[in-house]
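Given chain A, work out where chain B should sit, using these hints.
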Amino acid sequence: MNIVVVIRQVPDLIEPIEVDSSGTSLDLGTASFIVNESDDHALEQAILLKESHGAKVTVVALDFGDVDNTLYAAAAKGADRIVKVPCDGDAPRPEAAAAMLAEAIQPLGSDLVLVGVQAHNELDGVLAPLLASQLGLPYVGVIRGVKPAADGGSVVVFKEFPGAVMAQLSVRLPAVLGILGAEQAPRYVPVSRIRAAMKSTQFEEQTVAAPAVEPQVTIRRLYPPAPAARAEMLSGSETEVAARIAAILREKGLVK
Amino acid sequence: MITLEAPKGVELLEKVAKSGEGQSPLGCMQCGLCAASCPLGEAMEFPPRKLILQAMAGNLDKVLQSPTLWMCVACYTCSLRCPRDIELTDGLWPALRDRAMQQGLQPPAELQETFENIFKYGNTLGKSPRQRLDWAKDLDVRVLDLSKEPRPVDVLWLVGCYPSYYPRNRGVTRAFARILTALGVSWGVLGTKEKAIGECDRMFGEEGLFESLVEENRKLLDAQQFGTLVVLDPHAFRALQNYYPRFGAWYPVQHYTTFLAERIEQIKPLLIKPVEATVTYHDNCCAGRRCGYYEQPRALLQAIPGVKLVEMARNRDNALCCGGGGGGMWLDAHIVAHGGRRLSDDRVRQAADTGADTLAVSCPYELARFEDAAKVTGLEGRLHVRDIIELLAQSMDLGERSVS
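First to last, the protein sequences are chains A and B.
Quick note: the first sequence, position 72, residue 72 per this note's numbering, numbers continuous.
Quick note: the second sequence, position 122, residue 122 per this note's numbering, numbers continuous.
Only chain A is shown next, with the shape it has when bound in the complex (with noise of 0.2 Å):
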């Protein structure tokens, strides 16, 4: 089986994140990134299915963003082939972003497309299910489990539904999940491997014209949500503030 993993950088939240004086955008300056959660919970469905079934697990990668050390520490658990595909400066929007990954993923022959269902800076979660619609296939999401399907042709993919609901579907191969969890959680690999990945791996690139993607959205502008009349803001110093949240933990009777 042919596995294509799709990885994306996002801003790593533990700095501060600022709008740009353009008012519409952020400033990803001085930010620093790492990977989307949830494709590094499909690289991780993937490999076990490698593990467990034998898979060729190609990753492909729009470069921005220091994607390389992600890209490296993919190789490091296991990845077989990683894909680069150049694109100018930020991270294009879905729409874009699904065209370019669709043109670099079509040509690998490709049994299965594993995207993470959403990213925290695109919780909308339209770039796996745009890009099947690029690629022609079918799609499925909020899925927290891959198994091959005897007949070869199919997976069974455990879907999840609110209300602690999960679904066995069948899904015909060539297809596209948006994947919400692997079975496990994604594995630890040592520094050293990834140390030896950075010396061994060879990236390939793909490069694929800028699609002219009409945006159907625009940005208005960004700014950061004022805070609602009723929550107390505490000030004070630790000992003030913690005194504080007992006093009200107290009174709304959640602690004796």
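Rather than coming from a laboratory, the hints here were simulated on the basis of the structure.
Using N, Cα and C, we set each Cβ at its ideal position, and we do this for glycine too.
You can take every hint at face value.
In silico DSSO-like cross-links for lysine-lysine, where the CA-CA straight-line distance does not exceed 30 Å:
hint, chain 1, residue 1, chain 2, residue 2
1, A, Lys199, B, Lys15
2, B, Lys193, A, Lys199
3, A, Lys199, B, Lys18
4, B, Lys148, B, Lys219
5, B, Lys120, A, Lys199
6, B, Lys148, B, Lys193
7, B, Lys308, B, Lys375
8, B, Lys120, A, Lys50
9, B, Lys375, A, Lys252
10, B, Lys127, A, Lys199
11, A, Lys50, B, Lys8
12, B, Lys50, B, Lys62
13, B, Lys273, B, Lys137
14, A, Lys199, B, Lys195
15, A, Lys56, B, Lys120
16, B, Lys219, A, Lys199
17, A, Lys147, A, Lys56
18, B, Lys375, A, Lys256
19, B, Lys62, A, Lys50
20, B, Lys137, B, Lys195
21, B, Lys8, B, Lys18
22, B, Lys148, B, Lys120
23, A, Lys199, B, Lys8
24, B, Lys127, B, Lys193
Sample of chain B residues at the chain A side, in silico, Cβ under 7 Å:
hint, residue
25, Met101
26, Gln106
27, Gln112
28, Ser128
29, Glu207
30, Gly208
31, Leu209
Just chain B, lined up with the frame of chain A:
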């Protein structure tokens, strides 16, 4: 069937033997002093003696999969008592943990997060590197950031992760800045460029992470001119003194207790306010048992007017570990699950048994560990945990006292 190939356990023990850490584990005579000395030995499926036995018998995988692997808290008691001078703490355990991870076995989840924090952010707490110098905000003494204004100094102070970020430790950190200034030494820090020294990574068996930190720290330190490095963390002291030189990175380094004890005649006239307290001192494992600095911290405490120093029954080379070394700081849930208790809880009870009202410490982990332990054991309010630096600063009347 006769096999001439050495089992892979033996191969690993031979590798430890060649690492230069102590004598070969193949010389173990199975006396069991290590197991009997280990504060968690009775809870271990494979205490050190059995680790070696199983490895020699070719049962390495059994050992690597056991929860025992992540229970050593690096107190060094077994290493120091071993009659064959086998370096169990610095040699055997990290090698076993490294092998486990190389084979794809997963360390406990709580530890993975710490590894990732160090790899991504250069500190164990997962904080922004840009906030590393925030402890110095509005401080009444000048903190020279050598990464921005390089110049020769007497002391390059490597502040450390907990002292830089952990709220309870920051008061100690600020107090030490005032003490250094009061002593008239020229000193500076690496500011937001400072990174973890990585002792914990090496003890965890994360050799690759440790190596990358050595490389990065070398670049930072080689760009500076200083008389000596001073550290608050005895683990960092141990790493800089013992492991960094193995990579060709040799720097003069002192734990702060030694640095201050050398200047005790200069400090004594500055100790103007009595600190009325009955104090017992907890010997940390790295500066204490491993390196033998027992008297320096005690000399500092005894120089403080009003302090009455009393000893716990277990002191100096027989001191009970706080349970925070060798990764233990990030393995409390694992160790409680498999060992049944936290060593820090036992240790605060021993401290209270002396009748002391104050437990003095000199390791950044211990404030958090022992204050938590005091709460859990019902000793909160009766046993105050104070760093030696706080007691000195109080007697020197150097401004704010951190909350205790």
